[in-house]
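Engineer: Let chain B serve as the given structure and place chain G on it in line with the hints.
2 protein chains.
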Amino acid sequence: MAEMTVTPWEVVGEIDYEKLTQQFGTQLITAALRERLKRPHAMLRRGLYYSHRDLGKFLDAADKKQRISIVTGRGPSGKMHIGHTIPLLIAKYFQDEYDCEVFIPVSEDEKYYVKPDLSYEQAEKYAQDNILDIIALGFDPKKTKIHRDFQYTTIYKYAAKIAKHMTYSTAKAAFGLTPSHNLGWTFYPAMQSAHIYLPQFLHGPHMTLVPIGIDQDPFMRVLRDVADHPEIKLMKPGAVHSKFMPALKGPGTKMSASDPDSAIWLSDGPKDVERKVKRYAFSGGRDTIEEHRRLGGNPDIDVSYQWLTIFEEDDKKLKKIYDDYKSGKLLSGELKGMLIDKINVFLAEHQKRRVKAGKQVEKFLLK
Amino acid sequence: MAEMTVTPWEVVGEIDYEKLTQQFGTQLITAALRERLKRPHAMLRRGLYYSHRDLGKFLDAADKKQRISIVTGRGPSGKMHIGHTIPLLIAKYFQDEYDCEVFIPVSEDEKYYVKPDLSYEQAEKYAQDNILDIIALGFDPKKTKIHRDFQYTTIYKYAAKIAKHMTYSTAKAAFGLTPSHNLGWTFYPAMQSAHIYLPQFLHGPHMTLVPIGIDQDPFMRVLRDVADHPEIKLMKPGAVHSKFMPALKGPGTKMSASDPDSAIWLSDGPKDVERKVKRYAFSGGRDTIEEHRRLGGNPDIDVSYQWLTIFEEDDKKLKKIYDDYKSGKLLSGELKGMLIDKINVFLAEHQKRRVKAGKQVEKFLLK
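Top line first, the protein sequences correspond to chains B and G. Using my numbering, the letters of the first sequence correspond one by one to residues 1 to 367. Using my numbering, the letters of the second sequence correspond one by one to residues 1 to 367.
Hints may be right or wrong, so weigh each one.
Since the list can't tell identical chains apart, any single copy or any two copies may satisfy a pair.
Listed below are the simulated DSS-like cross-link pairs for lysine-lysine, each with C-alpha atoms no more than 25 Å apart in a straight line [claimed, not checked]:
1. LYS254 <-> LYS271
2. LYS57 <-> LYS233
3. LYS320 <-> LYS278
4. LYS111 <-> LYS233
Simulated from the structure, these hints should not be mistaken for lab results.
Chain B on its own, in the form it takes in the complex (with noise of 0.2 Å):
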């Protein structure tokens, strides 16, 4: 397996989530800091999330009933898949139980730049597109503000106001950015950093916290350092870093649009989560039903069983359900319908929604 090489731009070779942690400067959630959150998710209690920046400084102003909110971004290079919705369900969760403002930006910008081959037009596209799943995940339209890059360019006021204080070297530095880079993407950390630091230059200094995949981190790091210049002045914006979720083929596979059998894509039919489920799932079961039943399967790199662990809430349930696969009582075919069912439930309902989302767009932009 190639050696670990993890940016916002590039995940590659085997992750070591806890060196990253290292790397990055971030610590990991322990136990203390989870008894501390309001009937955690699953993807917090299990560990998907694993890592933070100022959680508990985020919940101590959550408990002293101070302002609080959510960011977290889409970047819209295709159409959306399980996947994608990890952080998105994480700021639901915090709206739910904290009661706070989630800021969605769509980032069309970035991955416009970042891409060579995707058009304006197609970015614009990608992005319309994507703001129908994220509203059908079922966010509250009076405490969510959705906002794209090339519709409310208001933001690129306060993008300038990170951007005069952050140096071409520092983005250099976090980011590997080299000349070759164009200038937009040179200059999209400052843009990320304004939709991050956006509910303080809105509402005034508060705590927001930032669900992210552990890859985005070397934004935070960067951002963060700004938050106590004179002309900014803001409180430094927490994080949750969540692992990578498993690819459905297994380790060294990508989900991307380039195999759409690579990913179970939000507009799946149930036969095609079927189909797929059964068909490339990455097992960690035996060759025979005889050796499954004599040795026990894998749970721990059986994909079905990782993306169990996102999607059946039951803790009881799904220890049942390691344990049975471990002994050899559950077939991999067994797993692999529950997780099939799990998903059909909830891409039923996302799809129901998701048709109605057209016309709650309008209540979820910022203007």
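Structural biologist: Here is chain G on its own, set in the frame of chain B:
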């Protein structure tokens, strides 16, 4: 005198204007081209505007009654002095003679990025103040669009289209960017390019002409290079380049807000103008009246005479002034008196119009 350095943000040393055209790759405005201009403005007739890019193509388009437009901007780093009107007055000349639309971007973002001590709020205030002066110059509200980067943030969408196709390395080479420059400054070439392509982004491909100081030409060079990109496909904007207006106090001095007596400000009253011109205007006259009468003055280094080449429209009168000053018939005090009168007539009218400009702002602002 120091060696010549000319960048959009720094002008040092004695300027060799012809050398600059070679260095930047621009063309001298020939007599033949000048003769094609409709009733050329004094600044065009007398060579203050001396260099160009594609002025011929612009005039061809005008001859063919195709759409043409003018873009010239203002970086609001403080209140405006008389030198700042030079590109604006030429823009107005083209509007008057060629009946074309004029776009005037006001780049408070650039000044904010470039001046470490300029606050965001102050940059906006200067922009608002300068817009009144711009309007007071007499632009036609039906054919003039003024826009500020922190207000008409839609410009970011257009800057993005340029930014994708302009590398850091290109901007670095053209503008001498270093890693310690902030991200806003680094991105600014894309914003400036968007200003100049804006008429084409809004109305489709056509010839645009940009009156600018020759020091600003690196922007033109860089932005013209992206015109042919398949995602841009616009016409390369042309430019007419002016020499620098001589500073009031003469060679080696600058007109700067840090020394209010260094320039004539658009807000100066008649007494200010009289005092400053009499006391500070660098003179090509002799030390004594007797000597002046006997040997004559040197109009070519005399700031009052140089400024009259801008403010005295009548070529015959100007020639007589030149001849009389050179022969010693016209004294320095008399020459200064002529300039004082010209400036005060201009400023009285300007200041009257400026009072009314406040009510007109909305008519000029691009939405």
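Engineer: Taking the hints in turn, state whether each one holds.
Structural biologist: Quick rundown of the hints versus the structure:
1. LYS254 <-> LYS271: Within one copy only: 22 Å inside a chain, 75 Å across chains, cut-off 25 Å.
2. LYS57 <-> LYS233: Within one copy only: 17 Å inside a chain, 51 Å across chains, cut-off 25 Å.
3. LYS320 <-> LYS278: within (21 Å within a copy, 96 Å between copies)
4. LYS111 <-> LYS233: For LYS111 and LYS233, the Cα distance is within 25 Å only across copies (21 Å; inside one copy 30 Å).
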